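Enquirer: Add chain B to chain A, keeping to what the hints say.
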Amino acid sequence: MPSPEPVALIDLARRGDKAARDLATADGALRFSDFATATALGGAREKLAGRSVLLLAGDSLKTAAALIELDGVARRLVLCPPDLRDNLIGEVAAIAEADAVVHGGEEPPGLDGAIAAHCRLPLQPAPTTPLPRLATEWLLLTSGTTGVPKLVSHDLATLTGAFAGGPSGEIQNWATFYDIRRYGGLQILLRAVAGFGSLTLTSAGEPIDDFIDRAIARSVTHISGTPSHWRRVLMSRAAARFKPAYVRLSGEIADAAILGALKDLFPQARIAHAYASTEAGVGFEVNDGEPGFPASYLGERDNGVAMKIEDGSLRIRSPRAARRYIGRNMPDLRDKDGFIDTGDMIERRGERCYFVGRRGGVINVGGAKVHPEEVEAVINRQAGVRMSLVKARRNPIASALVVADVVLESAAPREEAIREAILAACRAELAPYKAPAIIRFVPNLAMTPAGKLARDG
Amino acid sequence: MSLRLTIVSQIERVAREQRKTIAPLADDLPLLDSGLDSLCFAILVARLEDEVGVNPFSASPEAGFPITFGEFVKFYENAVA
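Chains as they are written, first to last, in our numbering: chain A, 1 to 457; chain B, 1001 to 1081.
With the rest of the complex left out, here is chain A:
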């Protein structure tokens, strides 16, 4: 039996045409329905058919336009995140066997044998040529901090597996703090396109109050970001006027402090935290407002996802997971039973499982292991604390000590009282070597381009 023609992103974008569905940043907007009669790629769509295409379109809007036009047409689409360093582009292109580049107008990188196509907005009227449908491979880059990123292979089916079977017709107007050129943001782009609604994205350098105001003006109902993004929202003035129906956290551990603060700020909203990674895909969503996840999620679930804990870390087998790593000499993504090791360490307490940190992120205090995140969870619960970063400080006696940088709320009590409260709570709840030896109060903490708390190394 011939396999059915694969569904492509353009099919999803054309649904619900009666509503004026669009994707907007602070700089412009893109109406999904316009793709029936217009293009961002000039005459290049036909030339790109069947090729492995490096997407360096320059901004979110152009990237989204290229994705909509090229899914189902190109052999591969390589999503390059905005912070991909120029000196790595050639290596990424080589691993992806790229033979085409979509650029945003700047000088495109010179890649041997690759054709270049200019992606420009606004869309220009153009006849649409039917092209043979392919099941396009989407290559996403893992967000490693150094070295060449790993290329992870997905397709529209793995990327939309978490919501493709959901209720149709419900209008979800999404917004996200994430960049759509990474897994977390791409999930939201696809949810918006598949969800009959619109999408509101940040522009580079946009103040958070301006973004929230745009979200309010555009009737955003669903919004997603990392706990670090949300801690910034809690410091914004516009947040009090915003009334989303659904607030989603992912990408970092959602602790009790941030979940409680968001419940207070958005009493009308459903607050959910989700677990996902570029490799393992969307694992699960937790809707009870509590940190961690029920132990009943372990084992086989009826959505096809199976989870287990082995050597302390969460393992996921899922139809939403990436197919494989791309490139020579790459490790297997899965073990022999099909599970992916997420590297996220879990501690089970009774009927609940809690994330305690990354396998590689432990601080070694004289041979005893400390996950920074377990200490941050205690610190963040103290009144007056907005957020914290726990890290190692080299020490000649204990090899390393736990130290904490803490950001206070604007109306916080005096520093010395908070320091005492933090230490008292850490001593009550943690082993003595886990309590921070030194607490510094800092005005802010750095975030990575992926919206996570920047941790050294």
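By construction, these hints were calculated from the structure, which means they are not laboratory data.
Here the structure is a predicted model, which means the values were calculated and not measured.
Label-pair ranges, simulated between beta-carbon atoms:
1. E1012(B) with K336(A): 51 to 59 Å
2. R1013(B) with A454(A): 26 to 34 Å
3. L445(A) with S1038(B): 26 to 34 Å
Every residue, glycine too, gets a C-beta built ideally from N, C-alpha and C.
Expert: Just chain B now, with coordinates in the frame of chain A:
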């Protein structure tokens, strides 16, 4: 504040935080009998580095490890000098 007084006040603070009872800080008191455990010493060395700006433990490995409280004070005095 003299360096000795700074060290004494930091030792008292660390001991209080870590719920340790410390012996009177006489010069001939062996550090191992002081009541501070190795975590306390690790914290003490980090705090003193912030307060007086030196860490003689990593700066001069050949200097010999202090055994008594008096040698510990001397160790820091030499590093600051």
